[in-house]
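Letter by letter, the chains look like this.
Protein chains: 2
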Amino acid sequence: MANIIDLKTFTDSRGNLTVVEKVIPFDIKRVFYIYGVDDSVRGKHRHKKTLQAAISIQGSCRIMNQSGTGQPYQEFTLDSPSKCLIINPEDYHWMDRFSKDCILMVFASEFYDAGDYIFEPYEQ
Amino acid sequence: MANIIDLKTFTDSRGNLTVVEKVIPFDIKRVFYIYGVDDSVRGKHRHKKTLQAAISIQGSCRIMNQSGTGQPYQEFTLDSPSKCLIINPEDYHWMDRFSKDCILMVFASEFYDAGDYIFEPYEQ
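Those sequence lines, one after another, are chains A and B. Be aware that the first sequence starts at 415, since it is given in this note's numbering, and climbs by one per residue. Be aware that the second sequence starts at 415, since it is given in this note's numbering, and climbs by one per residue.
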């Protein structure tokens, strides 16, 4: 199951500062960010080991998620720089409905390993 | 001394993906991002222990840096999501000239600790 956590944002006359510290359930080994996305669907996989934390730093996108055979789909709209989605290894997920200005930041618990990806969806 | 490293960006018809993996010289314990900044100057400190990596994910800003008494100022313009500035503990730095759309992402090697900040500039 994926779940949303709220990040602390400090706002004053100078602007906003959002912090990710001691709130995600793993050590960050890899970061990537996706931007300038068209109407593509991205993701469509789950992992053997990797946990991820996803934040739409700007704009919005949708993440659909299924955590096992017969499990209901979870639908998340990431539309705030303070909203962080924790995606567990068993969570088969895809991202779509990217706004033109969307910047999707992802933290991962493992280094990239092609062998860690499972592309086959769960049976319904 | 601060120094720039180049991040790998993968671009295809679906958009861009920039990766931060095995290129910054510390483990990430804390992340923060600054956005909606006015014409403020931010920073104006160095650290006892903390290393940082700063990326302007969108827009641009300037980072000025001095690594010790009598050392020349270093001036960096962060204006690309693939450009990452490594700031060492001894680097007294400040950030200004934020574009309106700037999103400045910072990775830090330590958890927040008020006692780790040194606000006094180096003597010239």
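In case anyone wonders, no lab produced these hints; they're calculated from the structure. No experiment lies behind these values; they were computed from the predicted model shown. Do not take every clue at face value.
Note that identical chains are pooled: a pair holds if it fits in a single copy or bridges any two copies.
Claimed, not checked - The calculated DSS-like cross-link candidates involving lysine-lysine, where the alpha carbons are at most 30 Å apart (straight line), are:
hint, residue 1, residue 2
1, K514, K458
2, K422, K514
3, K497, K458
Hint check:
With identical chains, the CA atoms of K514 and K458 are at most 30 Å apart within one copy only, with a shortest distance of 21 Å there and 35 Å across copies. Taking identical chains as interchangeable, the C-alpha atoms of K422 and K514 lie at most 30 Å apart whether they share a chain (25 Å) or sit on different chains (22 Å). With identical chains, the CA atoms of K497 and K458 are at most 30 Å apart both within one copy (21 Å) and between copies (29 Å).
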